[in-house]
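Those protein sequence lines, which keep their order, are chains A and B. Numbering-wise (the numbering used here), the first sequence opens with residue 1 and increments by one. Numbering-wise (the numbering used here), the second sequence opens with residue 1 and increments by one.
Derived from the structure by calculation, the hints contain no laboratory data. These figures come from a predicted structure and were not determined experimentally. There could be a bad hint or two in this list.
Pairs of lysine to any residue residues, derived as SDA-like cross-links and limited to a Cα-Cα distance of at most 25 Å, are as follows [unchecked claim]:
| hint | chain 1 | residue 1 | chain 2 | residue 2 |
| --- | --- | --- | --- | --- |
| 1 | A | Lys99 | B | Asn359 |
| 2 | A | Lys99 | A | Gly60 |
| 3 | B | Lys136 | A | Glu210 |
| 4 | B | Lys371 | A | Gln120 |
| 5 | B | Lys382 | A | Ala108 |
| 6 | B | Lys10 | A | Ile240 |
| 7 | A | Lys234 | B | Val369 |
| 8 | A | Lys119 | B | Gln365 |
| 9 | A | Lys234 | B | Gly342 |
| 10 | A | Lys119 | B | Gly340 |
| 11 | A | Lys231 | B | Leu307 |
| 12 | A | Lys246 | A | Asp212 |
| 13 | B | Lys17 | B | Asp93 |
| 14 | B | Lys371 | B | Asn328 |
| 15 | A | Lys64 | B | Ser351 |
| 16 | B | Lys129 | B | Lys210 |
| 17 | B | Lys347 | A | Tyr74 |
| 18 | A | Lys234 | B | Ile398 |
| 19 | A | Lys234 | B | Gly52 |
| 20 | A | Lys251 | B | Ser3 |
| 21 | A | Lys251 | B | Lys10 |
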Amino acid sequence: MHLYTYDGTFEGLLTVVFEAYERKAWPASIEQEQVAQPIMFGETIAVIADEQKAQRVWQGLQKKLSAGALQELYYTYLWEQAGFDRIIFDYIRLVFETKENIEGNFAAPCVLQIQQAAKQVHREKHRMEAFVRFQKTADELFYATISPDFNVLPLILNHFRKRYADQRWAIYDTRRRYGIYYDLHNTSFIKLEQPLRQGTNMPDGVMDAEEDKYRQLWQVYFDHVNIPERKNPKLHLRHIPRRYWKYLSEKQPQALR
Amino acid sequence: MDSRITDKLKILADAAKYDVSCSSSGGKRKNENKGLGNAEGMGICHSYTEDGRCVSLLKILLTNHCIFDCAYCVTRKSNDVERAAFTVQEVVDLTINFYRRNYIEGLFLSSGIFKNADYTMERLVRVAKKLRNDHKFNGYIHLKTIPGASEELIKEAGLYADRLSVNIELPSEASLQQLAPEKNYSEILLPMGSISQQLLQAKEEKKLFKSAPAFAPAGQSTQLIVGASAENDHQILQLSNQLYKSYSLKRVYYSGYVPVSSDNRLPIITEPPIIRENRIYQADWLMRFYGFDAKEIVDELHPNLELDIDPKLAWALRNRFAFPVEINIADYEMILRVPGIGVKSAKKIVSARRFTHLNFEHLRQMGVVLKRAKYFITCQTKSLQRQELDSQQIRNKILFGDGSVRSALLTQQLDLFRQVG
Ligand code: SF4
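Please construct the entire structure, taking both the sequences and the accompanying hints into account.
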């Protein structure tokens, strides 16, 4: 029995695959080192992330998988739900051990799981692209906070960079405690000691003078596009489940607006 | 806050909301000038109204003053409502500021007619031009063309807009004459024809010269109002079918008539025919994405869509000889025709069966919903059905089986149609 531990990075996980093949010793379980419990029987192999080894595994995958499938694999990593490392491992092993391309083989559990995990991540990415609400600060930064179910910040970066090329902006993930910042030239990952949280009262003078005006105009607009005769709360909730309301200024109760 | 602009926004958003098209898809405008915005590919719904419609564009009228008196329209001259008008600059500011905060994908601008068609159209074009030229705005712009506007103005609009629409509103000339006497079909179809020619021409030029100017790259669309006049579903779908074919429309939108008027030219209804509208949309999808011909969905003998089942199921029940379909060997096109199996499931099935013979368990795992499909398919010649059922039995099982309760809404709606006749 072999327990593999790694540092929680994607690179580390690919290194686990490399080491397992190197030793021909398949993992009974794969765990991140900060949470791994020592085991009673068998051997613990503490894998150290290694760029070259990870590269070799990735290149091997590139030869056998489409760009779409590689993306799904990476999305599953960002999914972060219990057991994701195992699913990724099983999938990669199936790829290497099957002669033909396995992408469409939805009868194999790991292929299906990867597809489903990737779909969830993709949906969350799409939701964040839709629901981010920037607030303009006094120094002309467009700022938003999010706390997505999955780690989608790296995935939404490009979308926002393309769209808001002519304004400075930052999006901060308050759950994972990091953010992205665009300074009109480059984007970079940032960490803030005490990030301002959206939905709470911002200290005086932090926001642009016109910020309130436009937020209120948006709420007015939202209230007036409704057709009361067609009200359909079930459909509404299917599109915006309650847990996303926190992002949306138009969903805040009137009194708090 | 500036209360004047707030009031205008209230009035002019209210007046624009009955136009149901909301799509911001199909744009090809990239942010290549380091400007603001990007309208490539799929549009995003930034929010949803309480009736479940996508909010993707700032959809407003430039003004709700109008010289016409179309019976079905809130903005009609004889209606006693508050009137307002935005300036060009006000619309530009709202659009830019909403866009920068990630509230919207762009602007959908329409208008009542003040003074005359060209005067109004010229202002709509000016908004779009200003956004593109002064603000390097690459977000989505949908302009509605004003009935009777000159060809040159429409041509200019196409240079700045991603999509143009000409609303037909009423599905037949006779109804149009009755309910919108100042309008006529040829006046509506003329700009539609010229837009579709411009679209074609721009596409040809693009092939020759990469730098040729784009013309409304997301195409043109129209809207039909359902339930304000007497046309049946057969007539409506025939018309859409023609529009898709002859004018290469991107979309036909259907808007269940919301009683906004007590005009005696209109039927007396209390609620919009939401279910009928939904069935027509489903039929429209069958024509565009499922390879169905309009004639297969409704014909002179069955001129109306059934309200209690969707049109694909209705077709399957009328054509039992085509079933059951064997999942492991049937053509993709035929699998697509199985009730309950959509494009995604059909694709997954065709892909997975190259690896193994599929059984029902595989289908379940892949997320194929069998509730309706099970009556119409076999897996390796096995069926989930023990007895032979006729169409009526299947219909009852699907509608009432598994203890499902019919929604109160549907019953209400059915009553409503009985009243209207
Ligand atoms: S012309 Fe347009 S805005 Fe004016 S009444 Fe007719 S439909 Fe309404």
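How the hints compare with the structure:
The suggested pairing of lysine 99 of chain A with asparagine 359 of chain B holds, with an alpha-carbon distance near 24 Å, which does not exceed 25 Å. For a cut-off of 25 Å, the pair hint linking lysine 99 of chain A to glycine 60 of chain A stands: about 13 Å separates their Cα positions. A hinted pair counts as satisfied when its Cα atoms are at most 25 Å apart, and lysine 136 of chain B with glutamate 210 of chain A qualifies at roughly 21 Å. Distance restraint check for lysine 371 of chain B and glutamine 120 of chain A: the Cα-Cα separation of roughly 24 Å lies within the 25 Å cut-off, and the hinted pair is therefore satisfied.
Proximity of lysine 382 of chain B to alanine 108 of chain A is assessed by CA-CA distance (about 22 Å); at most 25 Å being required, the pair is judged to hold. The hinted pair formed by lysine 10 of chain B and isoleucine 240 of chain A meets the criterion: a straight-line CA distance of about 24 Å does not exceed 25 Å. The suggested pairing of lysine 234 of chain A with valine 369 of chain B holds, with an alpha-carbon distance near 21 Å, which does not exceed 25 Å. Straight-line distance between C-alpha atoms of lysine 119 of chain A and glutamine 365 of chain B comes to about 15 Å, which keeps the hinted pair within the 25 Å bound.
Annotation: proposed proximity of lysine 234 of chain A to glycine 342 of chain B holds, straight-line Cα distance about 22 Å (limit 25 Å). At roughly 21 Å between alpha-carbon atoms, lysine 119 of chain A and glycine 340 of chain B fall within 25 Å of each other, so this suggested pair holds. Distance hint between lysine 231 of chain A and leucine 307 of chain B is fulfilled; the C-alpha atoms sit about 19 Å from each other, no more than 25 Å. As the CA atoms of lysine 246 of chain A and aspartate 212 of chain A are separated by approximately 17 Å, the hinted pair is consistent with the 25 Å bound.
Among the hinted pairs, lysine 17 of chain B with aspartate 93 of chain B is consistent with the structure: their alpha-carbon atoms are about 20 Å apart, no more than 25 Å. Between lysine 371 of chain B and asparagine 328 of chain B the CA atoms are separated by roughly 19 Å; this keeps the pair inside 25 Å, and the hint holds. Distance hint between lysine 64 of chain A and serine 351 of chain B is fulfilled; the C-alpha atoms sit about 17 Å from each other, no more than 25 Å. With a C-alpha separation of about 22 Å, the suggested pairing of lysine 129 of chain B with lysine 210 of chain B holds against the 25 Å cut-off.
Proximity of lysine 347 of chain B to tyrosine 74 of chain A is assessed by CA-CA distance (about 23 Å); at most 25 Å being required, the pair is judged to hold. Between lysine 234 of chain A and isoleucine 398 of chain B the CA atoms are separated by roughly 22 Å; this keeps the pair inside 25 Å, and the hint holds. As the CA atoms of lysine 234 of chain A and glycine 52 of chain B are separated by approximately 8 Å, the hinted pair is consistent with the 25 Å bound. With a C-alpha separation of about 22 Å, the suggested pairing of lysine 251 of chain A with serine 3 of chain B holds against the 25 Å cut-off.
Between the alpha carbons of lysine 251 of chain A and lysine 10 of chain B the distance comes to roughly 18 Å, so the proposed pair stays at or under 25 Å and holds.
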